[in-house]
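Residue numbers (the working numbering), protein chains in the order written: chain A, 1 to 309; chain B, 1 to 305.
If you're looking for bench data, these hints aren't it; they were derived computationally from the structure. Computed from a predicted model, the values in this text were never measured in an experiment. Incorrect hints may have been included.
[Claimed, not checked] Per the computed footprint, the stretches of chain A lying under chain B, defined by three or more beta-carbons under 8 Å from a beta-carbon of chain B, are:
#1 144-158
#2 237-249
#3 261-271
#4 282-289
Quick reminder that beta carbons are idealized off the backbone N, C-alpha and C, glycines included.
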Amino acid sequence: MGRYLLRRILLMIPVLFGTTFVIYAAVFALPGDPVQALAGPNTVVTAAFRNAVDQKYHLDEPFLLRYWHYLVALLHGDFGVDLNNVEVSSIITASLPTTVDLALTTWVLEAVLGVALGVVAAVRAGKTADYAILGGSMLVLGMPYFIIAYVAQVVLGVWLGWFPASGIEDGWPMSYLLPAACLALFGLPEISRLTRASVLENLHADYVDTAVTKGLSRMRILYRHVVRNSLIPVTSMLGVNLGFLLSGTILIEGIFNLPGLGYQIFQGVQQHNGPVVVGISTLFVLVFLVVNLIVDLLYGALDPRIRLA
Amino acid sequence: MRSRGGQLVAAPSENPPIETEAPAGRRGVLRGLFRKPRFVIPATIVVLVCLIAAFPALFSGWFGNGDPHVCALGNSGLGPRAGHPFGFDIQGCDLYANVIYGARNSISIGLLTTALTLIVAITLGALAGYFGGVVDLMISRVMDVFFGFPTLIGMIVVLETFPVHSVVSVSLVLALFSWTVLTRVMRSSVLAKKNLSYITAARGLGAGPFRILLRHILPNSVTPVAVLASLNIGAVITAESALTFLGVGLKAPSISWGVQLNTAQEYFTTDFHLLLFPALFLIITVLAFVLLGDFLRDEFDPELR
Chain A
1 MGRYLLRRIL LMIPVLFGTT FVIYAAVFAL PGDPVQALAG PNTVVTAAFR
51 NAVDQKYHLD EPFLLRYWHY LVALLHGDFG VDLNNVEVSS IITASLPTTV
101 DLALTTWVLE AVLGVALGVV AAVRAGKTAD YAILGGSMLV LGMPYFIIAY
151 VAQVVLGVWL GWFPASGIED GWPMSYLLPA ACLALFGLPE ISRLTRASVL
201 ENLHADYVDT AVTKGLSRMR ILYRHVVRNS LIPVTSMLGV NLGFLLSGTI
251 LIEGIFNLPG LGYQIFQGVQ QHNGPVVVGI STLFVLVFLV VNLIVDLLYG
301 ALDPRIRLA
Chain B
1 MRSRGGQLVA APSENPPIET EAPAGRRGVL RGLFRKPRFV IPATIVVLVC
51 LIAAFPALFS GWFGNGDPHV CALGNSGLGP RAGHPFGFDI QGCDLYANVI
101 YGARNSISIG LLTTALTLIV AITLGALAGY FGGVVDLMIS RVMDVFFGFP
151 TLIGMIVVLE TFPVHSVVSV SLVLALFSWT VLTRVMRSSV LAKKNLSYIT
201 AARGLGAGPF RILLRHILPN SVTPVAVLAS LNIGAVITAE SALTFLGVGL
251 KAPSISWGVQ LNTAQEYFTT DFHLLLFPAL FLIITVLAFV LLGDFLRDEF
301 DPELR
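Next comes chain B alone, as it looks inside the complex (with noise of 0.2 Å):
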């Protein structure tokens, strides 16, 4: 049903005057997504949390301690004061600090496996769906596989072997999980245009089957796997920092919310605070980009709803 209704509003893609009408009528769609507070106030925590990642160092001096690394034992688990808006962690590390480089690694793990699984998505579905046949006999059956497994059981599976805890071997594994989906949304989008009378045009002109892919019909199908993927980040954030709660993703030299966390289920009957700071902001930031994803998928992709 869904590719039935991915063809009808193709259809008036196919005029061809559209080139000429863009670029006025992309910066109104711009001027008005800028008015709309469920696009605006997501989009500017987004930045933020994107800004404290890539520049740590700006953020956590506000109040003076901004070394996550300064730690004395002595101030183990105290609560906020004076300097130390978020109090202390176990080590006796200033937590405001630490909370702020935390940033760092859950958006890098949501960004790398967000780019990693949109390129296998991207890449495989629009082979499955272009050249059907073989390929895509196997391409389905292989996502048939993975859609078997429940994804987190997967993962713990796989990190659980795994010599390396790092940003990348933790996406790698992420993106081994979670591109599944993608690819059959890729898959069907592809089918959907593959049939369209322009790209019988573009075959009848001549053009080999990776031109017409390239040039014909990614640049119409690509649309509602980008916005999935946007939606994708928060739920890769989340999937990363339960991960790295359960003891089997970033370990504890590295600085992150989940080990953060992780840390705090020991404490947090007597010291909430080590559990409320990360968690706020790792809610604030996966909410973010949930709500952001969701406006975008309304507003470029109502048929996916």
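Chain A with its partners taken away, still in its complex shape (with noise of 0.2 Å):
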């Protein structure tokens, strides 16, 4: 396990500085003025402002050392300061909790009805149960998410009053549970999808004739033998949904006002202010890497055949 660990992290270290590199480059090495870049389009840029700027972000200096300084400064958690002269980092702090509320709520959602889905679909493989939900998840997957999001909001929240329409007025669970139930249902077909091949395939182990011949009843082997096994290839989907589910956030975030992570890049977005953009793209960059990471591990650890191979 020690080693594959090693192996692990090495990996991840040219991934880590390839990604940062590209979103510094993306900002500061594409054409055009960086000092106009950041501060927008149509802003007028002082003297005393590109100043500040070409000293805050060494503009002087080589491209490198440029990206050298950044990254340093990234280790320390400096992710730099917003043009309203805010520290992205606190605005990171103030965002955090209710960004995590959500995804942790979509994520609980998702991973119970993906994998309820999943194990009926597969049960009922080939009847009218498990064409319905493939029927549904097409649907799903053949819909822009923010529309659905936006119907959900108007028809639910405004028109039948049945969830807060937008906002965090009304705390944990009522405030989060629209929001979340769009953005899961995102990740809901591919979750489910998976979850049938790989409960399909379990069906059919040699280990499952084995527990028939024991006399065991139907449902126990479903749910101790079958479920358990298959759920393995699901972990590894869900951690690499929690990097899209960091997407969905800016959108899902701006549609219902929910004051998170994705809400300030919605709003840095429109108001053109680069740093809050950058600063928090790369914490999202971050968070996506190590979940993968701890996603592999705890994959490794659950099935030993992917450690040895």
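Two chains, each in its own frame: build the complex with the hints.
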């Protein structure tokens, strides 16, 4: 396990450099004036501001050295200062809890519903329930999910008034349920399809025959043996999904006005507040990488075949 | 596991007489396709939407007000009425004409991005798969970096700093973050083919590596990528509308469904039709592309499921 861990972490290092480099290069090396890009296209840049930015980002130094400064600051938790002179890290601290609440609620919904639907589809493979779940998945896959969120907000939030339409005044669970459900819907098709395939594969395994000959009940075989073993690939999919979930928060938090990290990116984009967008995006990428690492390790722990391969 | 499966499936294709039987067989396959509703319905919608995108003027005039730029502020936000089946947008322009003209940008971005992605994926995937070694290592590490991004976030960061927001620039950025999946599929597809005996035979006859790649490996390994690419078009159209909706994609003077949805977000509680009609067109288009891609995948490459 130690060697596997080491190899995984070593593999992550170039990816870490690469991703931060792409973000950094996107902001500072694309054609155009970086200071102007930071300030937004419609802002008049004063000499004082230009000087301040030059100093802050070491713009008078060679590109690679600047990237190095950026990386060192990043590792110290310094995400820079936004255009209203607020520390990006303080924006992050203030918005983090909302996003964590939303992401965890979504994740639980996604995992529970996705696995349940997948198991049902597998057990009823080729019957009406299976086709209904497949059809539903295709429908969701084909719909831009920000439109689903909008329609849910208008219909369930504004017209019917079942859920708060926006904001977090009603606290967790009520204010988070509708946004989390919309966000979860996005990951459901993949999770349920993967669970279905995995359960179907396991249903034909030898150990199931053994369990049957032992005289175990159908339910017990399904839940104690088949589903447990089928969840291994699903775990890794849930990890990968966290990344998409984080990008999803940008749209969902923007639409439902939840003051989380995604909302800050949403606002940052609309106000051309470059440092906020870049800072929080970098954080998202780092979280994504770390979560994937954890999931891979977990995967190795759950299934020794992976580690030994 | 997949590549092993690919090899198994690939084995029968070594039979030489395929050439002579192909025309008759292919015509039969086509006729079969047109009998399947899972193909005919989405394919019809896709063709129709592409026609609308290519010749919007033919469709926009159906209700007598075909010019999307004829606007009267007095009509701002009015609902559907005679001659204006979708009502008016906030600028008082006919919403139906605007939605029809909006198809062009979405479809162009979907097709252009997918074409770019395909070119990059086929080239890099073939090089990485066939030559292996250092080439493979370099391409794979770069792919890892792009896999490290949640794609939407990467696109937002890059587009945010892009000076121009045109169909081409948005397509470039979309392609930059979507080439990896197809490249990976292409790479494993080439890997599965490169040690088959007909390749060894070609090599024995003295064919150079590029001749082998172009004449023997590419035609036999491109199917899974091409099929996945058709599935990709729907995803790209969705991504474009989401980016535009967020305000980093296409900008207001250009007509697109994303721009219309972006405008609608301020007014939809009172003027729901502003959200409804562009959203409907977007959903139906994306759904048609996804269903078509899904069908093609089942039909031509069941291995990918």
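Results for each hint:
Against chain B, the region 144-158 of chain A contributes 7 residues with a C-beta closer than 8 Å to a partner C-beta. That satisfies the three-residue criterion, and the hint holds. Interface restraint, the region 237-249 of chain A with chain B: holds (5 residues with C-beta to C-beta distance below 8 Å; minimum three). As drawn, the region 261-271 of chain A meets chain B at 4 residues by the rule of a beta-carbon pair under 8 Å; at three or more, the given contact holds. With a threshold of 8 Å between beta carbons, the proposed coverage of the region 282-289 of chain A by chain B holds, since 4 of its residues qualify and at least three are required.
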